[in-house]
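**Student:** Sequence:
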Amino acid sequence: MKPIPIQEHELESFDTSKVIPAVRRIPRQLNEGFGNISDFPTAWSVELRIENKQYVLTSFRGKIREWRKLDSLEKWLISKGFIEFHCYL
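Letter by letter, the sequence shown follows residues 1 to 89 of the numbering used here.
Some clues are possibly wrong.
To be verified - Listed below are the simulated DSS-like cross-link pairs for lysine-lysine, each with C-alpha atoms no more than 27 Å apart in a straight line: (1) K53 - K18; (2) K69 - K80; (3) K63 - K53; (4) K18 - K63; (5) K69 - K18; (6) K80 - K2; (7) K2 - K69; (8) K2 - K63; (9) K2 - K53; (10) K75 - K18; (11) K80 - K63; (12) K18 - K80; (13) K53 - K80; (14) K75 - K53; (15) K2 - K18; (16) K63 - K75.
Claimed, not checked - Derived CB-CB ranges, DEER-like: (17) E84 - I37: 27 to 33 Å; (18) K2 - C87: 30 to 36 Å; (19) S13 - F40: 30 to 36 Å; (20) S17 - I37: 34 to 40 Å; (21) S13 - P41: 32 to 38 Å; (22) F60 - K2: 18 to 24 Å; (23) S38 - I4: 20 to 26 Å.
These are computed hints drawn from the structure, not numbers from a lab. We put the beta carbon where it would ideally sit given N, CA and C, even for glycine.
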């Protein structure tokens, strides 16, 4: 089943207090912005299971939101109130 795209501001409409995000290593997409894909070919993305549906976090442009560094993603998750996450390589 393909995950449903969800943007950061849409998370506020769900009760995420019991949600444990799945952080996955993915091949980087060729998006606008900074970064050299040949130097950093993979990135981290976030998937969430909310109300028995699988979601993937996307940017306002509709692309999968990517983090190059896991520690940056961890800080973002903590800032959104998540206290734990599962990491899949």
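**Student:** Would you mind marking each hint as holding or not holding in the structure?
**Tutor:** Evaluated hints:
1. Taking the CA atoms of K53 and K18, the gap is near 14 Å; set against the 27 Å cutoff, the hint holds.
2. About 17 Å separates the Cα atoms of K69 and K80, which keeps this hinted pair within 27 Å; it holds.
3. At roughly 19 Å between alpha-carbon atoms, K63 and K53 fall within 27 Å of each other, so this suggested pair holds.
4. For the given pair, K18 sits about 26 Å from K63 by alpha-carbon distance, which is consistent with the 27 Å threshold.
5. Our distance criterion of 27 Å between C-alpha atoms is met by K69 and K18, whose separation comes to about 25 Å.
6. For the suggested pair K80 and K2, the alpha carbons sit about 24 Å apart, so the restraint of at most 27 Å is met.
7. Taken as a hint, the K2 and K69 pair is honoured in the structure, with Cα atoms around 25 Å apart against an allowance of 27 Å.
8. Only pairs whose Cα atoms come within 27 Å are accepted, and K2 paired with K63 is accepted, the gap being roughly 14 Å.
9. For the proposed pair K2 and K53, the alpha carbon gap of about 10 Å is at most 27 Å, so the pair holds.
10. Proposed proximity of K75 and K18 is supported: the alpha carbons are some 18 Å apart, at most 27 Å.
11. A C-alpha spacing of about 20 Å is found between K80 and K63, which places the hinted pair at or below 27 Å, so the restraint holds.
12. With a CA separation close to 13 Å, the supplied pair K18 and K80 stays within the 27 Å bound.
13. Restraint check for K53 and K80: the C-alpha separation of about 20 Å stays at or below 27 Å, so the hint holds.
14. For the proposed pair K75 and K53, the alpha carbon gap of about 25 Å is at most 27 Å, so the pair holds.
15. The hinted pair formed by K2 and K18 meets the criterion: a straight-line CA distance of about 22 Å does not exceed 27 Å.
16. This hinted pair checks out: K63 and K75 have alpha carbons roughly 21 Å apart, not beyond 27 Å.
17. For the pair E84 and I37, the beta carbons lie near 30 Å from each other, so the given range of 27 to 33 Å is met.
18. Checked against the hint of 30 to 36 Å, the pair K2 and C87 fails, with Cβ atoms roughly 21 Å apart.
19. At about 33 Å, the beta-carbon gap between S13 and F40 stays in the expected band of 30 to 36 Å.
20. The beta-carbon spacing between S17 and I37, approximately 36 Å, falls within the hinted interval of 34 to 40 Å.
21. Checked against the given bound of 32 to 38 Å, the beta carbons of S13 and P41, roughly 34 Å apart, stay inside it.
22. Checking the proposed 18 to 24 Å range against F60 and K2 shows it holds: the Cβ atoms sit about 20 Å from each other.
23. Roughly 31 Å separates the CB atoms of S38 and I4, a value that falls outside the hinted 20 to 26 Å.
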